[in-house]
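> Given chain A, work out where chain B should sit, using these hints.
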Amino acid sequence: MSITLKLIWAFISLGVVTVWGLTLNGIVQKIFARVQGRLGPPVWQPFIDIIKNNAKRTAITHGIMFYLGPVFRIAGGIGTYMFIPVIFGSVYFSNFSMSGDVLLVMYFIFFGQLGMALGAGEGGHPYSAVAVSRGLAQMTAFEVPFALSVISLVAQYGTLNITEIIAAQQGGFLQWTLFTNPLAVIAAMISMLGMNMYNPFSVVIAPQEIPIGPPTEYHSSFLGMLATNRGIFAGAKLILFMNLFFGGATNLFSLMLKTFWIYMFSVFVGAAYPRFRTEDSIRFFLKYPTAIGIISILLFTL
Amino acid sequence: MVNPMIILAMFLLAAFATALIDKLSRMLAIGTMYVVFALAAGLGAWQLYFLQSMPDAQTMVYSAGFPAPLSIALRFGVVEAFLITLMNLFGLLGGVYLFKRFKEHGAGAIALYLAMLLGANGLVLTRDIFNSFVFMEILSISSYALIGLKQTKNSLIAGIKYMLAGGLASALFLIGVIFVYRFTGTLNIDTWIAMGNIPSAAYLVALFMVAIGVFIELKPFPANGWALDLYQSADSGLAAIIASVQTGAMLFLFYKLLPLFIPEMLNIFAGAGLVSFVFANLIALRQKDAKRLLAYSSTAQSGLLVFVIAALYLLKLPDTIILVIALGLFFTNFFAKAGLFWLAGIVKQDNLSAWGVLKKDSGLLIIFGVFVIGLMGFPPFPAFFAKWHLVHIFTATKAWIWLAGLLLGSLLEVGYLMRWLGFAVKQEHPGELSKSFSKMLAPMISAIFLTTASFFLIKLYPGLGAFNVYPLMALLLFGLVDYAPAKLKGAIAIGVLSYWAWFMLLPSLPLMGQVFAVILVGGSIAQLFAFMRYNGAAEGFFPFLTMLVFSFGSLITASTTMELFIAWELMTLASYMLILRGKKAKDAALLYIVFSTFGAYLLLFGLSLMPSTYPGYPLILQAGFLSIGWVAALFATGGFLIKMGALGVHYWLPSAYAEADDETTSILSSVLSKAGVFGLLLILMMISSYVKSNSLSMIALGWLGVFTAFIGALMAARQEDAKLLLAYSSMSQLGYIVVGLSLMSHLGWVSALYMAVNHLFFKALIFMAMASVFLRTGTRNMYEMGGLIKKMPIAFISVLMGIIAVSGVPPLSGFGSKWFIYTSLLEQGRYLQAGLVFFSSAIAFLYLYKLIHTVFLGQAKPNQSHVKEAPIWLIIPQGIFIMAIMAISMFPNLITKPLSQAVGNYIAKPDWLSWDGYNIVLNSPALHGNWNGNLVMYVTMGVFIIPLLWLLLVNAKTQKVKQFNIVFAAERPYKPETTHYAYNMFAHYFKALGFWVEPRATAFYQGVSEWTHSISATLARIYTGNGQTYILHIFLYMITLYLLLGVR
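Residue numbers (this note's numbering), protein chains in the order written: chain A, 1 to 302; chain B, 303 to 1350.
Any given hint might turn out to be false.
Computed far set for chain A versus chain B, every beta-carbon distance over 10 Å [what the hints assert, rightly or not]:
| no. | residue |
| --- | --- |
| 1 | Val19 |
| 2 | Gln36 |
| 3 | Gly40 |
| 4 | Met225 |
Restricting the straight-line Cα-Cα distance to at most 30 Å, the calculated cross-link-like pairs of lysine-lysine (DSS-like) are [unchecked claim]:
| no. | chain 1 | residue 1 | chain 2 | residue 2 |
| --- | --- | --- | --- | --- |
| 5 | A | Lys56 | B | Lys1264 |
| 6 | B | Lys700 | B | Lys405 |
| 7 | B | Lys1092 | B | Lys1262 |
| 8 | B | Lys455 | B | Lys728 |
| 9 | B | Lys728 | B | Lys618 |
| 10 | A | Lys6 | B | Lys1199 |
| 11 | A | Lys52 | B | Lys1262 |
| 12 | B | Lys885 | B | Lys661 |
| 13 | B | Lys789 | B | Lys402 |
| 14 | B | Lys618 | B | Lys662 |
| 15 | B | Lys1277 | B | Lys1092 |
| 16 | B | Lys1170 | B | Lys1259 |
| 17 | A | Lys56 | B | Lys886 |
| 18 | A | Lys56 | B | Lys885 |
| 19 | B | Lys789 | B | Lys590 |
| 20 | B | Lys886 | B | Lys405 |
| 21 | B | Lys1211 | B | Lys1199 |
| 22 | B | Lys452 | B | Lys405 |
| 23 | B | Lys1293 | A | Lys287 |
| 24 | B | Lys1170 | B | Lys886 |
| 25 | B | Lys618 | B | Lys737 |
| 26 | A | Lys52 | B | Lys1259 |
| 27 | B | Lys886 | A | Lys52 |
| 28 | B | Lys789 | B | Lys728 |
| 29 | B | Lys1262 | A | Lys56 |
| 30 | B | Lys761 | B | Lys650 |
| 31 | B | Lys405 | B | Lys455 |
Simulated from the structure, these hints should not be mistaken for laboratory data. All residues carry an ideal CB built from backbone N, CA and C; glycine is no exception.
Next up, chain A with everything else stripped away, as it sits in the complex (with noise of 0.2 Å):
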């Protein structure tokens, strides 16, 4: 495929990523809003506020880092979004995912998250550094059996590159790693919670106090540009769980019945629970979850 027809397929499957992120946001929030006995927002109310973000014409800036955070942000999501394979045998919905495998895909991750960090710290606001020296110290823990369980699916399937390790789980439902190795799975699930801040690990985003923070500083279209991010990087994060663990997508359809479901394990646990302090969920994640990643990896090389 020449490298033209790549770019505009990856154009093509990324506006798809984020509309279904954008749609599985607004449907999470109104989840959560009937939780909490509320009405809530529209669905569509995601896109509502990119729109009308990104028409305001009044902007402040703290300063070049600052400007350029969102731009990390959302590059980190689109870039991870571009090295993760998006259909299963498709050649048009495979992205740039030729360029490196699962590690890069962790990786790359880091970029949108380090990007903002620096862009919010140089705001100035003392809620961004404190949100951000949370969720850096939650994201060490959480990505430990994130980490060995994707060790453990080295160990099973003898790859890293992320098609192969689809390949490795066609045939039926009971190939699906979350069959064949469980444990691994679950390390990976409950890691994933931490991923998603919500509850119980949902001190990062704090909704009582740190939205004072960077959401304040970050307005207009610097907030359109990180409420897109959050669609297509929360695509990006569950097409990769759905690649590793639940056997891929071979067309559209399966892949939004299947994000969809992932996603609503993150969101039943996070409506369910109260929060733990950043302390706690270190705690938590380097031992339960991590002692499963270990047997899970142990299993398959004893």
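Relative to the frame of chain A, chain B by itself:
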């Protein structure tokens, strides 16, 4: 040939004539004395020259023309001639030093001094045992009297104690001689020797008494209280002569008697000498008084020499080898110890910490440094070669206890000598030096003589290449022009080093050597620009910097283990001096040198177990064919790991990195630590024939690396001092290199080398940028900074690039490190190690964000409003390293392919690893993966630029707001101190995981230090200062030795 009688006659005549000449003119009397010394030294030299041209000449001379039993025999062979020359030269120097005393006290003092030297000369020459007694007495009695000349209470008491002890020793000696005569019927030593051992217990007792008489005079621990008081309270000039000439003469007498001793006796004396060496050094560790310290050190050194000659004799080594080794130690010790006593007389400060006054005269400071470093046995001083061979001999003969004692004593010695040097270089003191020409001459000539001799020694030493001399030449030449402006010196240094590296170093090396040449030498040269920022001369940088870089060169090109070790020691010395230059670096530098020396001794032992190599071909070339045993590998690895700061032996690292000058730290971290990597790789190559990735040892090494990475990262996240943070970060990064090396696979080594190159780039970049920040803000505490992005944008960009590269976030080269390390670990099935590596690399985000946020982002401090960008000299290296990072990020093949090729010469590249354009493809049975750094770069640029353009489109007219313009609880905070979230940023993290970073290493090493000092203090309590107690010590000591001898 020269008749040695002339020498003795000359002294005697002069001593008697002095009284007359003094009546004429005191100056003439003193002059006559000097002439006698000069003549005697000249005669010694003449005899040396003569014997060199006629090696078979008769060297034995008999008094009055009769043969031995009837007359007294004297020998004037090579060794005697050498000693006569040296001792009389010292007599002359010491005499000049004591000029004022002679002028004051006149004929008496002059005659006594002449008599003392007469005794020493006679002791060296005579082959008659009773005659030895006579000369011993002449030597001792004149010494007591001379000590009495300084009419202070202490020196008089010390003189009495000396007399008591000396009298006791002489008495024992004489009784012994009488009894031996009873058995042998002769007093001639050679005839005794020829008669062999007489099987009689009584004879052995007699022999033991002769021996112990001499041995007591050599001041063995603990029967040496009298000697310590003597050294401490005698005039420095006199102490110098006693420590060198008197000890030398007694040692030689002891050496002459060795053939008489039965093996048990040799064993006892070797042991007693070693005990003396170790324990005297141990007690010296606690001394605060310079002369008392020198006293302990002197007794330790004479213990060492007794140990060495007795041990080597016991091992039945040829006389020439024993003499060469003993003289190597003696020569250094002779000059250095006497020189230090002389300096003590110039400094006139008893307290060690007051030796900072030496700074008032940089010449004297250099002389002091030469003596101290010579005494410790660093190359190129003769003691280094002596110790090198000693270690090899002990290893070859499996004399482990002797070896351990030798190295332990030497380590303790390094401890107190370097502490002393630290005081002299760093401590400010208002006192004055008591300088005069007569006093300055002796130490000056000693230092020049010692240095010159050492320089020629290393130049002419068989099997040492020219590269080994370069570091010393650089030190000397840049030392001579150290008054020149730093910018000029820097330019010259960069030019010379670049020329040398490009035209001489690189062509002589195989690819792997070139890789390290680029890292060590290239990396250093790029950072030399930073040192040009100093206005004025900035003394003390360039001599040691150039020495350091040249020693890197000799390290990589080393073709024998000795060359390797010399380069290693010179490198350590240069880096120590550079660390010591830091403002508050006294203690940190001491810690560094003690750990380094410990590491060097481990390495030395490891090297002594290695087979011989092919001189002329770099070790890095030979390593693929050489094979060494696992013990050698273990110890050498230990030595290299200390330099790398591996977990457990990292204790020196944070403080040394933090307290060195900022530019120096950059070199230490980014370059010097890679010398350890080089060494470790070399060792691993040499065991690669039988140690594989799945060997237990390599898995253990891997875990050590992983935990170094993990704990280093955690510790870094906890620091508030930016340099400490970066120091621990370096430790952590070096851990990854250890893991990679431990894999013993092609991919693993590529990963380690990639990390090494990368670490050089990003760590030097960050350190240089942070050096600019420290320079401008005047603080290293990150929480005292903030918002510097607006004042120092270049430094910010450097740190930003640096932290992206450290953290491994694509698209910069850091991701390559991560990709290589994970794939190499996973490919070998080291899954759990990979997991912990991942955790460590995630923790890196904590400290990296802390670094960049607290310094450059957040709220600016009002007192830093004046801060501006750093001088261009600090920016040049940053530019170089940014370009380097960008180049290897954009075009990874620039580095991955050469590294793979270099490693391929030792471990063949597996078929499953291939390059498809920029795509590195891994198709091993155990692991598939790929990484296309070039494509990642383009994709990242694409996904970054498009949103940026969009943002510029919709948000072009942003309004830039001032500081504090934030929405903060409906208020605007005007106090950055409370608004800037910086201090203890990860408190929650350490609430959860703090138990990992409790300072266990600190507790351990402080415990070791505490215990060492306590033992030292306890031992020192046996020295009560009471003469009678000291006599009791001697008796008990003698009885103990006798019982240990086990003669029935």
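> Hints first: check each against the structure and report whether it holds.
Here is how each hint holds up against the structure:
1. At the 10 Å boundary, the C-beta of Val19(A) stays outside the reach of chain B, the nearest C-beta of that chain being 17 Å off.
2. Every C-beta of chain B lies more than 10 Å from that of Gln36(A), the closest at about 26 Å, which supports listing it as non-interface.
3. At roughly 26 Å, the least C-beta separation between Gly40(A) and chain B is larger than 10 Å, which holds for a residue marked as non-interface.
4. Residue-level check failed: Met225(A) sits 6 Å from the nearest beta carbon of chain B, not beyond 10 Å.
5. Our distance criterion of 30 Å between C-alpha atoms is met by Lys56(A) and Lys1264(B), whose separation comes to about 21 Å.
6. For the hint pairing Lys700(B) with Lys405(B), the CA-to-CA distance comes to about 55 Å; that exceeds 30 Å, so the pair is violated.
7. For a cut-off of 30 Å, the pair hint linking Lys1092(B) to Lys1262(B) stands: about 13 Å separates their Cα positions.
8. A threshold of 30 Å between alpha carbons decides the hint, and for Lys455(B) with Lys728(B) the separation of about 34 Å lies outside it, so the pair is violated.
9. Under the criterion of a C-alpha separation no larger than 30 Å, the hint pairing Lys728(B) with Lys618(B) is inconsistent with the structure, at around 47 Å.
10. For the suggested pair Lys6(A) and Lys1199(B), the alpha carbons sit about 29 Å apart, so the restraint of at most 30 Å is met.
11. Proposed proximity of Lys52(A) and Lys1262(B) is supported: the alpha carbons are some 22 Å apart, at most 30 Å.
12. For the proposed pair Lys885(B) and Lys661(B), the alpha carbon gap of about 14 Å is at most 30 Å, so the pair holds.
13. A C-alpha spacing of about 45 Å is found between Lys789(B) and Lys402(B), which places the hinted pair above 30 Å, so the restraint is violated.
14. With a C-alpha separation of about 50 Å, the suggested pairing of Lys618(B) with Lys662(B) is violated against the 30 Å cut-off.
15. In summary, the hint linking Lys1277(B) to Lys1092(B) is supported, as the alpha carbons are separated by about 18 Å, within the 30 Å threshold.
16. For the proposed pair Lys1170(B) and Lys1259(B), the alpha carbon gap of about 28 Å is at most 30 Å, so the pair holds.
17. A threshold of 30 Å between alpha carbons decides the hint, and for Lys56(A) with Lys886(B) the separation of about 56 Å lies outside it, so the pair is violated.
18. With a C-alpha separation of about 55 Å, the suggested pair Lys56(A) and Lys885(B) falls outside the 30 Å cut-off, and the hint is violated.
19. Of the supplied pair hints, the one linking Lys789(B) and Lys590(B) is violated, its CA atoms being roughly 40 Å apart against a limit of 30 Å.
20. Note on Lys886(B) and Lys405(B): the hinted pairing is violated, with a Cα-Cα distance of about 44 Å set against a maximum of 30 Å.
21. Pair hint Lys1211(B) plus Lys1199(B) holds up; C-alpha atoms about 11 Å apart against a cutoff of 30 Å.
22. For the hint linking Lys452(B) to Lys405(B), the alpha-carbon distance of about 13 Å falls within 30 Å, and the restraint holds.
23. A threshold of 30 Å between alpha carbons decides the hint, and for Lys1293(B) with Lys287(A) the separation of about 15 Å falls inside it, so the pair holds.
24. With a C-alpha separation of about 26 Å, the suggested pairing of Lys1170(B) with Lys886(B) holds against the 30 Å cut-off.
25. The suggested pairing of Lys618(B) with Lys737(B) is violated, with an alpha-carbon distance near 48 Å, which exceeds 30 Å.
26. Between Lys52(A) and Lys1259(B) the alpha-carbon distance is near 17 Å, which keeps this suggested pair within the 30 Å criterion.
27. Simply put, Lys886(B) and Lys52(A) have alpha-carbon atoms about 58 Å apart, too far for the 30 Å limit, and the pair is violated.
28. For the given pair, Lys789(B) sits about 25 Å from Lys728(B) by alpha-carbon distance, which is consistent with the 30 Å threshold.
29. For a cut-off of 30 Å, the pair hint linking Lys1262(B) to Lys56(A) stands: about 16 Å separates their Cα positions.
30. Annotation: proposed proximity of Lys761(B) to Lys650(B) is violated, straight-line Cα distance about 37 Å (limit 30 Å).
31. For the suggested pair Lys405(B) and Lys455(B), the alpha carbons sit about 22 Å apart, so the restraint of at most 30 Å is met.
In this structure, the hints that do not hold are numbers 4, 6, 8, 9, 13, 14, 17, 18, 19, 20, 25, 27 and 30, in rising order.
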